[in-house]
Every structure is written in structure tokens, then in C-alpha cells.
Amino acid sequence: MTVYRKIERFADPQASKTPCEKAPDPDLGHDIIPKERYTSTEFMATEWDRMWTKVWLMGAWLGDLKHPGDYVVTKIGKESIVLTKDEHGKFNAFYNVCSHRGNQVAYGASGNTDRFRCAYHLWEYNLRGELVNVPDAETFPQGAPCDKLSIVKLPCDVWGAWVWFSMNPDVEPLSDFLGMIPEHLDPYHMDRMALVNDVTVEWDCNWKTSVDAFNETYHVAGTHPQLMGFIEDYDVQIDTYERHNRYLIPFGAVSTHIEDGTIIDDGMRGFMQMHGFDPNGYKGDGLGARRAVQRHLRENAKKMGLDYSDLNDDQLTDDYHYLIFPNLTWNIHCNSAMLFRQRPHESDPNKMYYDLQNYMMLPEGTPHPERPQHRQFKHGEESIGEVLDQDASNLAMVQAGMNSSGFRGLWISSQELRIRHFHKTLDDYLHRNPIKWLK
Amino acid sequence: MAEVIPVLPIAALGDGEMTRVTANGVDLMVCQVAGQFYALADRCSHARQALSNGKLSGFEVRCPLHGARFDVRTGACKSPPATFPVKTFPVTLEGGKVWIAVSSDDKPPPPRFGPI
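Keeping their order, the protein sequence lines are chains A and B.
Anchor point for the first sequence: position 272 equals 272 in the numbering used here, and the numbering is continuous, going up by one each time.
Going from the second sequence to the numbering used here is simple: count from 1 and add 439.
Just so you know, the hints here were simulated from the structure itself, not pulled from any lab data.
Only a predicted model underlies this, so the values are computations on that prediction, with no experimental measurement involved.
Heads up, the beta-carbon is just placed ideally off N, CA and C, and yes, glycines get one too.
Any given hint might turn out to be false.
[Said to hold, decoys possible] Taking CB as the label site, the calculated pair distances span:
hint: 1; chain 1: B; residue 1: 518; chain 2: A; residue 2: 115; range: 30 to 40 Å
hint: 2; chain 1: A; residue 1: 218; chain 2: B; residue 2: 518; range: 17 to 27 Å
hint: 3; chain 1: A; residue 1: 408; chain 2: B; residue 2: 494; range: 24 to 34 Å
hint: 4; chain 1: B; residue 1: 543; chain 2: A; residue 2: 377; range: 27 to 37 Å
hint: 5; chain 1: A; residue 1: 10; chain 2: B; residue 2: 473; range: 55 to 65 Å
hint: 6; chain 1: B; residue 1: 494; chain 2: A; residue 2: 348; range: 34 to 44 Å
hint: 7; chain 1: B; residue 1: 540; chain 2: A; residue 2: 257; range: 37 to 47 Å
hint: 8; chain 1: A; residue 1: 67; chain 2: B; residue 2: 506; range: 33 to 43 Å
hint: 9; chain 1: A; residue 1: 25; chain 2: B; residue 2: 529; range: 53 to 63 Å
hint: 10; chain 1: B; residue 1: 506; chain 2: A; residue 2: 218; range: 17 to 27 Å
hint: 11; chain 1: A; residue 1: 257; chain 2: B; residue 2: 494; range: 17 to 27 Å
hint: 12; chain 1: A; residue 1: 218; chain 2: B; residue 2: 503; range: 14 to 24 Å
hint: 13; chain 1: B; residue 1: 506; chain 2: A; residue 2: 115; range: 54 to 64 Å
With these hints in hand, go ahead and build the complete structure from the sequences.
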């Protein structure tokens, strides 16, 4: 067995606001994860009934709901949901459907309005989805009472920089659902970050094929070899919690898969430059680079107009990478957060929507740039960056494999524990009983 | 601004052969196929591997790591896992040498983790 170097952790677990100690690994067994869950329309329907309509889901960025009357339309599976900020400053969520004949009442991805007027027969709803006007109401012999025909409201709450909703009227409080997440992520102050990129890519794979792709570092050597000069992919701390999980990926470290850890390649130089650290002035080697960048950021934060006082030293370089069940994956760094949201297709288990959003912490006093316009396209029509293009290039072929009679199911390593934990959590929702891996 | 730079003697590369050259700081794959010389960025558009370490079959070069194929005449991507083409460079033959028009701006940016 190859023995690799260890990557040193510099964070002080006692002082760190974001807990950084290793959580005990659960015993989730070693069974094959069945492939049918990625391809079966029956499984997809069960997922909808027992999971998607039961959990909390991220609905909108608060920056899109700043002013009374602002609204966002978000789609999940077959549903379209309207999220609003009403005249009292409260957030609301309701189905995007007119109670009369079923037409949608909100158009486009976002906007500002004082009421939603259905384009079909001009029924009108306020910012809470309450019916306020029915033309020719006297022609409904059964009545058209506004109090009974308001749009079905959904639980709605705020955490971080986002408004959340649930299609489950009996859902637990958002804070219970999120569990340890706010304690872990509030120190990053993502509510102060600017949204700088917002795209949706249509991928030919199941939504879980995409979730799995981002929650293990085992694929880095195969899929992203160009990152190994500045990202550790083996000595990675994995932590699983009740529903959610994370791993902590050392950045600024030469991969321990590379025998000579002293090298400094173009990737490492780029990593240093990105953090305002001049690689030409660095006299050390690859083994000391991560600590040198951490010290540089700690010493120069104030000068750079950035506040890292709530972050531990490892958070200054590393990727604290979280999965908020079921469909949010975060790469969180001291100055940025990259969010992936996987949304299932309306009807086809072999398709999905991949939302990619990038958030940036800007130096104090820097005005936030205008919100980028959201764009949607199919895989391959545009690059979404070298690394994500590489991930994307695997997915359609993996999905084809899931449909193959020759594929037995997922054979999972300990490096892929988060995948097993994610599927275990999904199974908990689907079966309401202890995990059952095998058919 | 592209400069036209001699990169190797014509005689150094037989038909069906390829090699790596560096001009203006840019790594290039130069090959001769059916009597014509071609030059491409020596970097697979998928995962940055040197195409010159791969396999040349007719007009197609195959990436050594993941097997993506590209047409050496156009740089067009012919198979997954690559999606996008590889840049090609104009080649001229003069004075017994292979000349390539290449700018230092064609040097690839360093690998980075995110799109932003």
C-alpha cells in the first residue's frame, strides 16, 4: 500500500468558530448502491412524493428580493413556485398557479409588481398569493370567494443570503432542518458576498449522478489532473452529520499523490496570485506554500479590505465543502462561494438542471457589481470553466452506464463516504426506516 | 501579436510523426500528415494533457490520458470527454524549416479551480 504524506491542519479546534474537528464516521456498510435509483421513473415518482415535497429547498437569493414587490419564480420538478417580498417586508412562497383554470400567474424569472394578474381571465392576487379580484364574480353561481380561492401558500423562511421554501405544509422549522449548517457557515458571512455568476446547464443525467460527482475527491487524479499541483485530493477530512455532510479539502497543497511535494507549478503560482501573494517573492517550496498563503492573508487582510476574523487559518486557503441535503453543494473559500444546485427534470430521470452560482466577497467599500443576468443552456453549448467542464463531460456517459445491463451498481470507497451518506439520508426519507441498500 | 518563428527543420519530422516544440513560450504539437504540416496547441482542451504524448492516426491525434480525439487540420474535437476544439496555428515551410505563427498571448492561463 502506498503511504502518502499527511497534510498539516493549522486551525485551532478550540478557537475555530466553524467546528473543524473530525466527526465520527457512521457505519453505513459496504453494499452496492443500486443503479435503478438513477434511471427509474417509478423511483423518481417516489422521490417526489416522499422527499422533494417534504424537505426545505433553497428558493431565491436575498439580493433578488430586496424591495417590496420583488418576486422570483423558481422551478423544481413539475412545480413552479413564486417567492415574494410583500409590502410589509415579509417573504412569501406560493404555487405559481391561478385558482381559476390553472394558468401560471407570474412570468419570467423575476420582477417587481404590486399584484399578479392572470393573463387568461385577469384574476388578481396580491404579493401573498391572496385572491383580491375576480372579474364578473356574479357569474359564478357557486361563488368566487377571495378567501377560499387564494393560491396555496408554502412554508417560507430565511437563512444566510437565501429565502427557502418547502412544499410540505407540516415541515419542521428551517433551523431544525438545517441543523449544524448555520453554526458552520455563518462565519463566512455569505450574506455580504456579491452574486457574480448565475447559469443553469441542462445535463443528460439524473440529479443524483451530479450530486455524487462533486462529493468525493477520488476523481481529481482522473478527471482534474491539472489541479494536483495545488489541491490535496487524498488526505481530506470527511464529516457526516444527521442529514448534511462536508469535507475539508486542503488548497495550496501539492497533492500527496505527487511524490515530490516540493514542486511549485503554474497552478500553485496562480493560486498564490489569486490571494494577492506574489509567487516570485516566495522563497519556500510546495510543502510550505499553503501555510505561507494563510499567513499572508492573516497579516494582510485589513490592508486588502477583507475581514477574516471569524475564520480559522485553514479556512483561509482550504475548500470547506458542504452538501446541504438534498441538492445544494458548496465550495466555500474565504473570499468566495461556489454553489451547485441540482434540480430534477420534470419527468425524465435521465435529465436534470444544474444551477451554478458564484458569490464573491469584495473588499470593504467596493460597490457590488450589477447582478449578472441568468442564462440557461445545454451542456457543451458554452464552457462553464475548465474544471466543471471536465466534471460535466463524465456525466452523460456515467448516466448511460447506469442504464446498462452490464453495470452492477455503485461500488463505493471510503473516499466516497459522503455519497453513501447522501443516499442513506435519501433512503431515510423514502423508506422512513433504516437503510436498505439491496433490492 | 503573432510572430512567425522557425521551430524545426522540415527533415526532422517524417510523415505520420508528431513532436512538441515551444515557440514564444507556447507549447505546440507539430505533425506531418499526408505531406502537410500542421500545428496545434499541445494541450488537450479537456484536461491539459500534451497531445504530443498521445497517438497520431491519420489526421486524428488521440489524447494520452482520456482518449479525446482531435482533427489536426482544424483542431475540431472528434470525441468525448473533450467538448471544445484545440487551437490551430498557421504553418509555412521555407528555407528547409517549419515556421509557425504564434503569439505569447496564446500561452494558456494557469489552471484554476473555479470559473471566476
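Hints versus structure:
1. B:518 <-> A:115: 30 to 40 Å: violated (54 Å)
2. A:218 <-> B:518: 17 to 27 Å: holds (24 Å)
3. A:408 <-> B:494: 24 to 34 Å: holds (31 Å)
4. B:543 <-> A:377: 27 to 37 Å: This hint holds: roughly 32 Å between Cβ atoms.
5. A:10 <-> B:473: 55 to 65 Å: Holds - the Cβ-Cβ distance for residue 10 of chain A and residue 473 of chain B, about 58 Å, lies within 55 to 65 Å.
6. B:494 <-> A:348: 34 to 44 Å: holds (37 Å)
7. B:540 <-> A:257: 37 to 47 Å: holds (38 Å)
8. A:67 <-> B:506: 33 to 43 Å: Since residue 67 of chain A and residue 506 of chain B have Cβ atoms about 52 Å apart, the given range 33 to 43 Å is violated.
9. A:25 <-> B:529: 53 to 63 Å: Hint holds: Cβ distance 57 Å, inside 53 to 63 Å.
10. B:506 <-> A:218: 17 to 27 Å: holds (20 Å)
11. A:257 <-> B:494: 17 to 27 Å: Holds - the Cβ-Cβ distance for residue 257 of chain A and residue 494 of chain B, about 25 Å, lies within 17 to 27 Å.
12. A:218 <-> B:503: 14 to 24 Å: holds (21 Å)
13. B:506 <-> A:115: 54 to 64 Å: Holds - the Cβ-Cβ distance for residue 506 of chain B and residue 115 of chain A, about 57 Å, lies within 54 to 64 Å.
The structure does not agree with the numbered hints 1, 8 stated previously, though it agrees with the rest.
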